[in-house]
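Turn these sequences into a full structure, and let the hints guide you.
Chains as they are written, first to last, in our numbering: chain V, 233 to 451; chain D, 5 to 378; chain A, 6 to 220.
Pair ranges (Cβ atoms, derived):
(1) V/Gln-358 / A/Phe-74: 54 to 64 Å
(2) A/Trp-54 / V/Asp-242: 30 to 40 Å
(3) A/Phe-74 / D/Leu-108: 46 to 56 Å
(4) D/Met-71 / V/Phe-369: 49 to 59 Å
(5) A/Arg-120 / V/Ser-407: 46 to 56 Å
(6) D/Asp-74 / V/Phe-369: 53 to 63 Å
(7) A/Met-202 / V/Pro-309: 40 to 50 Å
(8) V/Pro-366 / A/Val-173: 47 to 57 Å
(9) D/Asp-74 / A/Pro-205: 22 to 32 Å
What the simulated footprint calls covered on chain V by chain A, stretch by stretch (three residues with Cβ under 8 Å from a Cβ of chain A suffice, anywhere in the stretch; the number is not a length):
(10) 296-305
(11) 373-385
(12) 397-410
(13) 413-423
Partner residues are not named here, just some residues of chain D that face chain A (Cβ under 8 Å, in silico):
(14) Ile-86
(15) Leu-103
(16) Val-104
(17) Pro-138
FYI, nobody ran anything at the bench for these hints, they're computed from the structure. Remember, predicted model here, so these are calculated numbers, not experimental data. A virtual CB, placed ideally from N, CA and C, is assigned to each residue, including glycine.
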Amino acid sequence: MNEILQVLKDPQTQAMLRTQVVQHLVLSLTSVLLATLVAVPAGIWLTRHERLASPVLTVVSLVQTLPSIALLAFMIPFMGIGSAPAITALFLYALLPILRNTYTGIQGVDPAARESARGMGMTDRQMLFMVELPLAFRVIMSGIRVSTVMIIGWATLAAFVGAGGLGDMVLMGFSMVSTGHIIAGGVPVTLMALLADYGLGRLERAATPAGLRVSEGGH
Amino acid sequence: MVRFEHVSKTYAGGHKAVDDLNLEIERGEFVCFIGPSGCGKTTTMKMINRLHEPTAGTISVNGKDIMQFDPVELRRSIGYVIQQIGLFPHMTIAQNVELVPKLLGWDAARRKSRVDELMPMVGLDPEEYRDRYPKELSGGQQQRIGVIRALAAEPELILMDEPFGALDPITRESLQDELKRLQAKLKKTIVFVTHDMDEALKLADRIVIMKDGKVHQVATPDELLRHPKDEFVAQFVGRDRLAAAPELLSVSEVMIRRPVTVDPDHGLAEAVVTMKKRRVNSLLVTDENDRLLGLVTANELKNVQRGTVASVMRTSFPVTTPDARLQEAFEQMFLAHLEFLPVVDTDGILVGLVTSTTMVDALSRALWTDGEAS
Amino acid sequence: MIHHADRIMQMTGEHLQLALFAVLYALLAGVPIGILISRHKRLVGPVLWVVNAFQTIPALAFIGFAMIFLGLTPATGITVLFFYCLMPIVRSTYTGITSVDPAMIEAAEGMGMTRWQTLRMVQLPLALTIMLVGIRLATVIAVGSASIMSLAGAGGLGQLIFAGIDRVQTRMILAGALPAALLAIAAEFGIGALERMLTPRGLRAVKPTLRRESV
Ligand SMILES: Nc1ncnc2c1ncn2[C@@H]1O[C@H](COP(=O)(O)OP(=O)(O)O)[C@@H](O)[C@H]1O
Ligand SMILES: [Mg+2]
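This is how it looks when you write it as structure tokens:
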């Protein structure tokens, strides 16, 4: 116990922690943001090109079967070490849940809603923004939440490719067999993941059109 | 076999689903519970095998309070068929049928021979159907299995909750016929819940009409058609069904209840005066106890001036009883070229009179309503 | 290369063993928990919240926390994987049991089955299809995350990956990563096949030839 407090009180550790928290946030948020920017349009595109949906989703889900640590390691020969390879690997990892949920979310829009939109003279674009996306929003958001939580977790492994983040602190704890360092790195990253899950979950519900809200959600 | 004494059931929410119910069901009897939705039929039935427990009163089966049974043992000794059929989809037909025997620890050979004995009873060849799964059978076949599953462990008592309610009308009728045939052979005690009056009239020995958790009327199908207790029952039985059954009308329903009578020791002149005053052409002769002794007609009195009614009355003539079918009475009267029939009870007491006019009226009214209804 | 192949086979074995033990323990704990919450509705929310939270904990942190108690042993890896597998198993057991048609339960009780018999002979067999979806997910999670457990001394293909990272040897990384990926894919499809095998014939889609039209 004493040892833990000692580590936590140490100003040097604290300074390190601050940097690492920022690094961790930047790593995770950048990759999720990039993944969202790519996967949402791609998911929409797939709903317009049904024949490609199944092969594309299969390939993207194959990426997910690679152990996350291996995917990160693969980047080293191509991109060296640092944040770039880490963000690239995390980005690839984050794609699948968002892509899949965007695709199924829009697919799942009641054809009747689509038809009446068409019937009242909406263009494709208007239909997408006024009907399909609002109705699929909750499912898409839930994909983003799943990705974010997952990526906050895997970003700890970015430490292995020299991208920093809270994984550094935990790994330091491993090598020094120091409970204090493990706690110092592990607790903030755990809280970050739990908060992201909770916060994005709230957002998901709050942003769901009132007419679509159900009493017990879940994904 | 089953006796309800002051049985009530109040659900957790405070809703009184069954209210002070008293009823005795005889061994071998086929009893149908019928009534509007929510009147407590299912609750009443489920209290018998303790799927629900009464909050007041006692239910006994074979004279023993069911609360003294282990509920699991009790249920294994009572057959149970539900509307949703409830065959287990992951078990074959044979496994479904032999389930209760298996729970009771019968050995495999005995179970198999029981299955092979039961399946032909509902027209299903064991060789062909034994190893099928429920979804490979039609709805009607499935409920046939549901019925023999309830019979498998040879219970004396079987509970059926709207068992044919989900079947199409043709299938339903053929299952009703089969059940009736089975019952004639096996003589089980059957408690059968239905909301279909035709079904109840067809199957039941006795019908229990329930309303608001209470027994409203208990009667045989005949009695129910002939004497619906009140407007509620009549409505429930259906006016058209009552009218559509003129052959079920009884003499008591149309007879004149106070026919003109005369004492046997009255003088003939007095009798003639009575006839004229009451505008009738015959008089029924009764003693002080209303016992019917004879009958005099105006025609006969014309030729005789002196003496008492007793000296001239006819003592041999056809009579009918209040329970007799109107149709029978009509035929009797027609064959004897009579204009009326006195109605006497089993003790020979005069209770009424039917005339050809009242009969023709009643029958034609019934037939006419029927014709209009169809 | 031959002795390398042997080594890879051995590590694949360790990898699988690690994942399968985690799933097995998660089944042993998760199925009863799922059954329990299906009977005590008040527990559903809190229990699902907790098992879901376990899933949210980042692997590296989780290994660290477990290591504080269990040290550098295979037990640490199995424990962490166990907690990751709990959610799909608890959830699918709960969903499976509560989605059994109430008429089945009524028929079972009405014919005199005890609660235990109803559970064993009716509810669990009927819940199996949904439970298998959870078991598949748990297995995929366990196989997929097992690589990192090498950090906690659990052996497995992760050893090659981490050694490859240390020495910056792509071939070594691949030698660990490819079999691990194949295992994850095999888990996904293998259990799919198992699901079809385990689904009782009565619950599968009917072959049209078997249906007879008669009442
Ligand atoms: N488990 C229950 N809890 C509370 N109320 C119930 C329950 N089951 C039935 N009831 C109520 O009790 C009344 C009688 O129900 P039931 O016996 O099922 O009627 P029936 O079978 O005649 O349609 C209804 O008003 C119904 O809503
Ligand atoms: Mg009912």
